[in-house]
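S.K.: Respectively, the protein sequence lines represent chains A and B.
Numbers given in the working numbering equal positions in the first sequence, counted from 1, plus 25.
Numbers given in the working numbering equal positions in the second sequence, counted from 1, plus 25.
Just so you know, these hints were derived from the structure itself, not from any lab.
Keep in mind that a hint or two might mislead.
Covered, in the sense of this in silico footprint (three residues per stretch, anywhere, with C-beta under 8 Å from a C-beta of chain A), are these stretches of chain B [said to hold, decoys possible]:
#1 87-93
#2 343-355
Pairs of lysine-lysine residues, derived as DSS-like cross-links and limited to a Cα-Cα distance of at most 27 Å, are as follows [claimed, not checked]:
#3 350(B) to 49(A)
#4 258(B) to 341(A)
#5 118(B) to 220(A)
#6 220(B) to 218(A)
#7 218(B) to 380(A)
#8 236(B) to 48(A)
#9 341(A) to 243(B)
#10 220(A) to 236(A)
#11 218(A) to 350(A)
#12 236(B) to 221(B)
#13 218(A) to 84(B)
#14 236(A) to 236(B)
#15 118(B) to 221(A)
#16 218(A) to 52(A)
#17 84(B) to 341(A)
#18 341(A) to 330(A)
#19 221(A) to 380(B)
#20 258(B) to 236(A)
#21 218(B) to 218(A)
#22 258(B) to 243(A)
#23 218(A) to 380(B)
#24 243(A) to 218(B)
#25 243(B) to 48(A)
#26 260(A) to 236(B)
#27 221(A) to 252(B)
#28 236(A) to 221(A)
#29 236(A) to 252(B)
#30 380(B) to 220(A)
#31 49(A) to 260(A)
#32 252(B) to 380(A)
#33 236(B) to 243(A)
#34 341(B) to 258(B)
#35 49(B) to 243(A)
#36 49(B) to 220(A)
#37 243(B) to 258(B)
#38 109(A) to 122(A)
#39 48(B) to 84(B)
#40 220(A) to 258(B)
Note that the Cβ used here is the ideal one computed from N, Cα and C, for glycine as well.
Next come the chains, spelled out residue by residue.
2 protein chains.
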Amino acid sequence: MSENFVVTATAPVNIATIKYWGKKDEKLIIPVNDSISATLSSDYMCAKTTIAISPNFEKDQIWLNGIEESIENPRLLNCIRNIKNKAKIGTDKLKWKIHICSENNFPTAAGLASSSAGYACLVYALSHIYNVKENISDIARQGSGSACRSIYGGFVQWYTGIKNDGSDSIALQLAPASHWPEMRVIILVVNDKQKKTSSTIGMQRTVETSKLLHYRVKYCVQGHIDKMIQAIKNKNFDLFAEITMRDSNQFHAVCLDTYPPAIYMNDTSHAIASFVHEYNAAANSYKVAYTFDAGPNACLFTLEKNVPALLYTITKVFPTSGSVKDYITGIPINIENKSINAPEINISMQSDLLKYVIYTKVGEGPTLLPDTESLLNREGLPLRLA
Amino acid sequence: MSENFVVTATAPVNIATIKYWGKKDEKLIIPVNDSISATLSSDYMCAKTTIAISPNFEKDQIWLNGIEESIENPRLLNCIRNIKNKAKIGTDKLKWKIHICSENNFPTAAGLASSSAGYACLVYALSHIYNVKENISDIARQGSGSACRSIYGGFVQWYTGIKNDGSDSIALQLAPASHWPEMRVIILVVNDKQKKTSSTIGMQRTVETSKLLHYRVKYCVQGHIDKMIQAIKNKNFDLFAEITMRDSNQFHAVCLDTYPPAIYMNDTSHAIASFVHEYNAAANSYKVAYTFDAGPNACLFTLEKNVPALLYTITKVFPTSGSVKDYITGIPINIENKSINAPEINISMQSDLLKYVIYTKVGEGPTLLPDTESLLNREGLPLRLA
């Protein structure tokens with residue numbers, strides 16, 4: 026098997042600061058409004074995918090996190106077909122069967138936007154296999170809407186576009202991660218047992234039943250987008266924080282206005298939001314902002330200088346019964362430092378409301394890895410199975 | 026002391042099916058939208074107030090639930106002043122000092138609209154002391170907004186009105202309780218320790234910060250009001266149930282769109298809402314509807330014929346570790362009956378999410394009680410102190 030026809034790549038998770046919720050075209054996955062996200066560093070959370078094509082493979086196959094899955098997933102087949110349509114390789118090779126092997130370096134079940142990283146990684150790797158040079162975000166979009174934003178690093182805008190075929194519903198980078206190198210991200214993974222409405226079903230129901238969503242789309246989101254672009258451009262953390270929190274709250278408000286309601290935040294999520302408001306009030310300025318996706322986990326944005334005091338306070342307000350060392354993963358940090366000057370907060374919650382904390386930062390888009398990182402062996406079969 | 030100058034009355038709690046949230050005049054308590062409520066039977070939840078005036082009293086005094094409170098409460102003084110302005114008694118008697126003694130027959134802290142019953146009872150009793158014959162709901166409104174709806178029994182609409190002085194922001198009865206005698210109410214009192222934003226502060230903040238509230242007021246509430254009137258008029262429970270739940274959800278959505286958010290429902294509240302949707306789905310028709318005020322407790326509306334199966338299922342899904350006999354208070358009911366045919370529901374929550382359950386119905390407005398029911402002795406002092 027020629028080494029040109031094996032590609033291994035990683036792609037990052039992205040977290041929306043202006044939320045995508047609702048499609049105007051279910052099949053093409055065209056959103057009802059623009060959204061903006063920050064791409065997270067692949068060092069701590071990413072999808073990793075190896076794709077191989079070969080005349081020797083008998084059939085198309087896919088393995089996700091070490092388990093073989095059916096390739097007959099319409100969204101997956103769509104991505105492969107769309108990439109092949111733009112392929113610049115010999116037509117014989119287009120007929121070769123494909124093996125796809127993908128893993129996340131974080132728990133899929135944690136509700137941490139794993140499908141966006143997964144589809145971004147798939148489409149990015151496919152584009153390298155099939156030699157596609159165009160903007161591929163619209164193809165990633167058709168795998169999992171928000172995956173299109175994971176095609177770029179830094180701060181990214183996904184445009185709803187105006188064309189019926191969705192060809193202008195693409196993501197573009199607003200600014201690279203290096204533009205605002207102080208930006209840090211802390212993910213609080215919440216312990217939760219509640220069954221949630223899937224985001225696909227939830228957003229469909231919101232579009233059908235929530236009047237407030239239509240108002241949000243028509244009169245609120247563009248203002249949030251404009252302010253968010255301005256906040257990023259000027260590195261204005263106060264504005265960034267306020268708009269991020271307001272947009273997250275409004276997104277969950279339209280979920281609640283849905284009939285029957287789609288509830289994603291739980292008591293712990295609300296306790297985190299309340300803690301953030303109290304922390305900022307105690308510090309008398311915006312030190313941290315929260316945002317919540319279609320699940321209970323919190324994603325906090327803050328600046329590097331604020332991290333020690335903030336993480337220190339989080340371990341006090343949301344204590345773990347285990348060791349703090351295992352509680353905080355990601356970028357190594359010492360929060361035992363005596364000189365930490367944290368604002369005084371009078372909240373203390375019961376232990377173990379959080380599973381763990383990931384300390385990370387804004388990072389780069391997908392990248393190719395050397396062949397030594399391949400997830401497939403020379404026969405095109407997974408090196409590891411679950 | 027002449028018996029004409031002592032009055033004892035009770036007034037009921039009311040539960041809004043179309044919610045009041047937001048004032049257009051903070052001082053006069055004029056709401057941004059109309060609301061509709063059902064008045065609950067005073068047999069199980071009510072405020073009881075005795076008012077006495079006498080030339081022998083040295084000063085104005087008030088006792089609430091057996092504890093003397095300051096009479097210098099602006100809203101309280103407002104109510105007294107407004108009633109006196111319309112008084113039809115000798116001017117000498119207007120100068121006599123007043124003693125007010127009030128009790129609730131349910132825990133004030135339970136967040137069960139105790140202030141609406143309390144102010145309705147105060148104003149109703151005052152109107153009898155001072156011989157006021159006019160509509161007194163606008164005076165009760167200035168005590169506690171929703172108190173104006175407790176001046177009437179059955180189903181009640183509170184009009185926002187168009188006058189700047191609030192004189193047409195009054196409540197009127199849509200239908201007496203006897204119009205829909207099958208209507209039943211089940212209150213699920215939720216165990217909760219969270220600190221909540223007061224409703225006065227919460228609604229002020231919503232008016233200032235939520236764009237969705239303004240849309241709700243301008244484009245959504247009137248539709249809900251029209252449909253609710255139609256549902257009540259035609260005794261259409263399906264429509265009543267759907268609009269009640271949609272309006273409750275939209276109210277909590279605008280609370281969440283508030284900045285910082287005002288959160289009143291907790292995980293248990295959402296579990297109850299989810300249970301109601303599943304119960305109706307399993308029964309393949311509207312058997313029950315929920316509504317939530319500015320707190321975690323649920324108020325369920327249902328028809329008499331559905332009560333045994335519903336209460337039976339509630340004790341299974343939200344079990345108590347104590348005795349079922351103590352768990353369900355209010356109208357006596359036997360839910361041990363073998364013939365109960367309840368829809369199959371596959372949810373079971375942990376024990377003791379609920380404190381207790383009150384089974385009650387739609388009832389009448391305030392009433393006068395005989396002197397034997399007085400809370401004050403012949404000297405005008407409380408018979409009971411806490």
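S.K.: Taking only the CA atoms, is the gap from residue 49(B) to residue 243(A) under or equal to 27 Å?
M.R.: Holds, at roughly 25 Å.
S.K.: Verify the proposed pairing of residue 49(B) with residue 220(A), using a straight-line Cα cut of 27 Å.
M.R.: Answer violated: residue 49(B) to residue 220(A) is near 40 Å, above 27 Å.
S.K.: So if I understand the rule, the pair passes when the alpha-carbon distance is 27 Å or less; does residue 220(A) with residue 258(B) pass?
M.R.: violated, 38 Å
S.K.: Could you grab the alpha-carbon distance between residue 341(A) and residue 330(A) and see if it respects the 27 Å cut-off?
M.R.: holds, 19 Å
S.K.: Residue 220(A) and residue 236(A): Cα distance at most 27 Å?
M.R.: holds, 25 Å
S.K.: Within a Cα-Cα threshold of 27 Å, do residue 341(B) and residue 258(B) meet the stated pairing?
M.R.: The given pair, whose Cα atoms are some 34 Å apart, is violated under the 27 Å limit.
S.K.: Residue 218(B) and residue 218(A): Cα distance at most 27 Å?
M.R.: holds, 20 Å
S.K.: Hey, residue 260(A) versus residue 236(B), does the alpha-carbon distance stay inside 27 Å?
M.R.: Holds. Residue 260(A) to residue 236(B) sits at ~26 Å (cutoff 27 Å).
S.K.: Checking one constraint from the list: CA of residue 49(A) to CA of residue 260(A), max 27 Å. Satisfied?
M.R.: violated, 32 Å
S.K.: Can you confirm whether the C-alpha distance between residue 236(B) and residue 221(B) stays at or below 27 Å?
M.R.: holds, 22 Å
S.K.: Are the Cα atoms of residue 341(A) and residue 243(B) separated by 27 Å or less?
M.R.: Judged against 27 Å, a Cα distance of about 44 Å means the pair is violated.
S.K.: For the pair supplied as a hint, residue 221(A) and residue 252(B), confirm whether the alpha-carbon distance does not exceed 27 Å.
M.R.: violated, 30 Å
Hints 1, 2, 3, 4, 5, 9, 13, 15, 16, 17, 22, 24, 27, 31, 32, 34, 36, 39 and 40 from the earlier list are contradicted by this structure; the remaining hints agree with it.
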